[in-house]
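Heads up: the sequence lines are chains A and B, in that order. Oh and the first sequence: position 187 is 231 in this note's numbering, straight run, nothing missing. Oh and the second sequence: position 208 is 496 in this note's numbering, straight run, nothing missing.
One should not assume that every hint holds.
Mimicking SDA-like on lysine to any residue, the simulated pairs with C-alpha atoms at most 20 Å apart in a straight line are [stated by the list, open to error]: (1) K184(A) / N331(B); (2) K457(B) / Q113(A); (3) K457(B) / K184(A); (4) K466(B) / T305(B); (5) K184(A) / P354(B); (6) K412(B) / E171(A); (7) K412(B) / K74(A); (8) K123(A) / E455(B); (9) K74(A) / N96(A); (10) K457(B) / G121(A); (11) K457(B) / N96(A).
What the hints contain is simulated information worked out from the structure, not anything from laboratory work. Source: prediction; values computed, not measured.
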Amino acid sequence: MTTSQTQLDPQTAIYDEVVPSRHPWSRVLKRGQIMRIEDLGGNQAVDFLVYNADAPDERYSAQDTTVAQGNLYLTTGSKLISNDGRVMMTILNDTCGRHDTSGGACSCESNSVRFGLDKRFQHACVENFLTALAPYGLGKRDMVSNINFFMNVPVSDNGTLEIVDGISAPGSIVDLRAEMNTLVAISNCPQINNPCNAYNPTPIRILIWEG
Amino acid sequence: MVQSSVLPNSDSSNPGTIDPALILRDETLPGSAYWHGIIKRGNTLRITDLEGSQGVSLICYNADNPIERLNVADTAKIQFNAFLKKGMVIYSDMGRVLFSITEDTSGYHDLFGGCSNAASNAAKYGEGEFWVNARDSFRRAVTRYGLTKRDIMPNINLFTRVAIELEGKMTFVEGIEKPGSFIDLRAEMNVLVVLSNCPHALHPSTPYAPKPIQVPVWNSPAPTADDLCRNANPEAVRGFVNTDALFAQD
């Protein structure tokens with residue numbers, strides 16, 4: 045597991061906002077800009093998707109990303125690869141050390157299967173993504189497997205996969221540099237049925253710097 | 289109820305004989321070819337690895353409403369396992385079951401390795417040559433159904449094993465292919481399926497030499513009350529409640 049510290053000063057950021065627990069967020073980042081996601085409370089899963097802002101049918105590809113780096117988890121130095129095989133973003137700094145690429149987002153429908161048919165009516169990450177992407181003309185066709193920052197989903201050598209207690213502490217950060225003009229969508233995950241959020245969603249802070 | 293972690297091991301001795309009267313269509317695909325078709329609810333698509341495949345990539349949709357589609361992340365996390373085998377199911381992004389894996393003599397199917405594309409093939413097999421890749425085949429196939437690049441999701445890889453080490457390192461495991469092995473996918477709704485018979489993106493061998501596969505579709509028996517896939521775990525039971533509701537009003 046690799047972690048690294050950052051030299052970026054929050055005082056020089058051009059954007060600094062807190063995203064409340066359970067909420068969506070989206071914004072276009074220009075090539076070269078750097079965004080930080082800070083896990084304010086610790087153990088908060090941050091579901092993350094990224095699109096080419098100029099041609100959004102190019103988007104994050106979990107499988108192209110993991111195959112290109114030969115590793116299932118993301119950390120400092122990982123490059124987020126698109127479905128066209130291009131680098132969309134680079135993880136510059138990471139004080140958590142491991143982020144999930146395989147668990148995907150919770151949805152009303154998957155919650156009904158995983159946790160009980162009555163859980164269909166809970167708020168879920170896909171709801172947030174649809175809300176965040178709608179202003180850009182994107183919708184359900186554009187949903188693909190996402191990154192879960194600060195989420196720990198170990199996969200064993202026999203394929204078993206668990207969603208376990210996170211390894212992120214309050215104040216953990218990840219810094220990402222946009223390598224193209226990117227549309228970033230975040231669901232600050234509302235999941236309360238498993239340990240990915242320690243059963244308690246908490247706010248995150250997002251900062252952006254010019255490159 | 290049995291947890292998916294204690295499902296029976298694949299039976300590699302199963303001869304897989306199908307009564308010819310039950311076969312609805314049957315084709316053999318050469319290496320690098322792609323295939324698409326609609327498997328009606330209750331029928332089974334068998335994919336047979338005739339000569340020791342280098343990987344077969346699969347995507348699928350609800351044929352009646354293709355906005356509903358394969359979700360490999362849900363398929364792995366709902367069943368707590370990312371290596372598909374007999375007794376497991378393939379989930380859509382709407383909390384329903386597309387396919388049940390009713391038989392499997394291979395034992396190795398991968399959700400992590402993605403599919404080849406023009407760049408990955410050029411890197412592996414050399415620049416300046418034309419190598420058919422799975423991503424482009426998917427795009428061409430889905431065009432027949434009015435779908436585009438936006439509709440292509442992460443895929444499944446049949447007959448391949450990608451090992452995951454403790455710190456996440458992915459390694460393609462060579463030598464697990466078995467000529468004659470097969471997987472049976474029973475459609476639990478009307479399923480639009482696309483197969484690309486190109487080598488797995490992580491398959492290390494060159495030259496490019498994908499092997500033929502056979503794809504009979506057969507009128508398989510209706511599931512019984514003790515059906516393995518329908519009863520594998522509480523999640524499967526709920527997944528089928530959701531799926532059967534789609535057809536309950538017919």
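Structure-based check of all given hints:
1. K184(A) / N331(B): Answer violated: K184(A) to N331(B) is near 28 Å, above 20 Å.
2. K457(B) / Q113(A): Distance of about 9 Å is within 20 Å: holds.
3. K457(B) / K184(A): Since the Cα atoms of K457(B) and K184(A) sit roughly 31 Å apart, the hinted pair is violated (cutoff 20 Å).
4. K466(B) / T305(B): Between K466(B) and T305(B) the Cα gap is close to 17 Å, so the pair holds against 20 Å.
5. K184(A) / P354(B): Distance of about 11 Å is within 20 Å: holds.
6. K412(B) / E171(A): Answer violated: K412(B) to E171(A) is near 40 Å, above 20 Å.
7. K412(B) / K74(A): Outside the cut-off at roughly 33 Å; violated.
8. K123(A) / E455(B): Cα-Cα ~17 Å, so holds.
9. K74(A) / N96(A): Roughly 10 Å between the alpha carbons, so the hint for K74(A) and N96(A) holds.
10. K457(B) / G121(A): Since the Cα atoms of K457(B) and G121(A) sit roughly 15 Å apart, the hinted pair holds (cutoff 20 Å).
11. K457(B) / N96(A): Violated - the C-alpha atoms of N96(A) and K457(B) are around 28 Å apart, more than 20 Å.
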